[in-house]
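K.L.:
Chains as they are written, first to last, in our numbering: chain A, 189 to 221; chain B, 185 to 407; chain C, 16 to 237.
I should point out that these hints are in silico values taken from the structure, not numbers from a laboratory.
Yeah, the Cβ is synthetic: ideal placement off N, Cα and C, and Gly gets one too.
Hints may be right or wrong, so weigh each one.
Claimed, not checked - Listed next, with one range per pair, are the computed distances between beta-carbon atoms:
1) A:ARG216 <-> C:ARG39: 38 to 44 Å
2) B:GLU345 <-> C:GLY72: 26 to 32 Å
3) B:VAL242 <-> C:TRP122: 47 to 53 Å
4) B:VAL317 <-> A:ARG216: 28 to 34 Å
5) C:LEU83 <-> B:LEU300: 47 to 53 Å
6) B:ARG187 <-> A:ARG216: 35 to 41 Å
As the list claims (entries may be wrong) - Cβ-to-Cβ under 8 Å is the rule here; a few derived chain B residues that face chain C:
7) PRO354
8) ILE361
9) PHE389
10) LEU400
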Amino acid sequence: MPENTPYMIAAYVITAVILVGYAVLLYRRTLKP
Amino acid sequence: MLRHAWLLARKDLLVEFRSRTAILSAVVFTVLVLMVFNFGRDPTAVAAVDLAPSILWVTFTFAAMLALNRAFQLELENQALDGLLLAPVSRSSIYLGKLIANLVFVATVEAVGLPLFALFFNVRLLHVLGPLVAVLALATVGFVAVGTLFSAMTARTRFAELLLPVLLLPFMIPPLIWAVLATAALLAGRPLSEVKGWLSFLAAFDIVFVTLAFALFPATVDE
Amino acid sequence: MRLLKTGRWITAVGLVLLAGVYVRALAFTPVERFQGPAQKIYYVHVPSAVVAMMAMGLVGLAGILFLLLKDPRFDRFGEASAEVGTAFSVVMLTTGPIWAKPIWGTWWTWDARLTLTLFLFLLFLGYLLLRGAVTDPGLRARYSAVLGICGLVLLPFIHLSVYLFRTLHPQPIVLKPSAPSLPGEMLVTLLMSFLVFVILYVGFVTQRYALSLLREQADHHA
């Protein structure tokens with residue numbers, strides 16, 4: 189089995205960053221439109 | 185409707201050909217690209233036939249962008265668009281007129297570019313001229329149709345010349361891909377049956393998007 | 016504002032469930048034998064791609080409805096779906112190459128899937144740029160609708176041109192991507208992830224829609 193765990197981690201981290209980041213962005217924008 | 189469209193197209197074309205700047209820069213660019221590519225390649229390593237389709241379509245795409253950028257600029261500069269809208273001319277005629285004008289412009293560049301290209305690159309194309317012209321016509325109609333619609337929208341925005349290519353890019357690529365593939369197949373002497381596939385995609389694209397553009401154009405100029 | 020509160024709750028639930036999917040995908044789903052751990056990228060890449068495409072479809076649909084019915088709510092929805100769709104397509108566009116590199120040996124290839132993701136992103140980008148460039152709300156709504164509809168109609172043509180291109184020019188593949196028929200547990204994880212991504216889409220769009228509404232109300236009072 190190939191050892192490519194770093195890629196998996198990178199993808200999952202980036203996804204989380206983008207989705208959580210967007211959620212935070214929306215929250216802050218709606219606090220003060 | 186056709187008569188109105190033709191009159192409108194004539195007006196645009198007369199202005200365009202009288203000033204000559206746009207058509208000249210398009211032709212000059214074509215010659216330049218052909219020269220650069222010709223000198224840039226090693227004839228023993230790269231056959232002209234391999235590069236040919238891409239070069240051809242780069243130049244024609246540029247010519248199309250040039251035409252489209254100017255499409256509604258004339259009206260805008262003189263606030264003539266409102267006048268045009270008040271005239272007893274249907275919206276479809278306006279779109280058709282613009283489309284015809286743009287097509288003639290690009291067709292002129294293509295008519296000049298193709299023989300030059302055959303000359304510079306020593307490419308035989310008379311034997312496939314019919315299908316080649318068909319490919320040219322279909323692909324050109326495709327992106328000029330969408331481009332004319334979009335230029336009506338971008339004309340009034342701030343970064344019109346930057347926005348138009350960005351918006352148009354995803355819409356140009358499928359017809360461009362099919363056109364380059366078809367051109368490559370034709371120049372390489374592949375049987376016509378292979379090319380038919382690309383031609384039918386181009387035709388389908390044209391039918392769908394010209395119809396769509398006609399349907400949507402009024403929304404870009406009406407209240 | 017109630018709509019906003021609802022949106023926030025849905026998003027919160029979605030994020031908690033996302034954490035759950037992460038745990039399930041990373042710790043409790045078997046590792047694929049040929050592709051290794053990197054195959055698990057599928058569980059975030061595929062759902063985000065599907066949601067992004069769905070978002071684009073809805074933008075186009077909202078455009079059609081707006082032009083037909085002239086209801087500004089459709090325009091507001093289109094704007095929201097486009098922005099949310101962009102977020103998901105960024106996920107799609109980043110996880111795609113990250114998956115491609117270990118599996119196919121290269122970050123990018125003009126493969127059907129990757130090319131499609133790029134196109135989708137460009138369509139969203141164009142939509143948002145156009146909205147940014149037009150100040151009059153009525154004009155902006157109509158232009159966005161036109162672009163959205165064109166984008167929607169373009170999608171099948173992109174599928175066509177890219178899939179056919181690929182069959183003519185086979186890509187050098189290091190490892191074949193996994194077949195559509197996934198074994199039981201993997202399929203469950205994929206479906207769960209898909210559900211969570213949809214929940215997040217709904218939560219995001221609701222909030223974003225509420226934001227547009229709030230802004231308009233603020234402009235009215237100003």
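K.L.:
Each hint needs a verdict: does it hold in this structure or not?
P.N.:
Hints versus structure:
A C-beta distance of roughly 30 Å is found between ARG216 of chain A and ARG39 of chain C, which places it outside the suggested range of 38 to 44 Å. At about 30 Å, the CB distance of GLU345 of chain B to GLY72 of chain C agrees with the hint of 26 to 32 Å. In this structure, VAL242 of chain B and TRP122 of chain C break the distance hint of 47 to 53 Å, their C-beta atoms being roughly 25 Å apart. Here the CB-CB span from VAL317 of chain B to ARG216 of chain A is close to 57 Å, at odds with the stated 28 to 34 Å.
Checked against the hint of 47 to 53 Å, the pair LEU83 of chain C and LEU300 of chain B passes, with Cβ atoms roughly 48 Å apart. In this structure the supplied range 35 to 41 Å is violated for ARG187 of chain B paired with ARG216 of chain A, their Cβ-Cβ distance being about 58 Å. Taking 8 Å as the C-beta cut-off, the interface hint given for PRO354 of chain B holds, the closest approach to chain C being about 5 Å. Checking ILE361 of chain B against chain C: minimum C-beta separation of about 5 Å stays under 8 Å; hint holds.
Nearest Cβ of chain C to the Cβ of PHE389 of chain B: about 6 Å, under the 8 Å cut. The hint holds. Contact between LEU400 of chain B and chain C, as hinted, is supported at the beta carbon level, the nearest pair being about 5 Å apart and thus within 8 Å.
When held up to the earlier numbered hints, the structure conflicts with 1, 3, 4 and 6 and fits the remainder.
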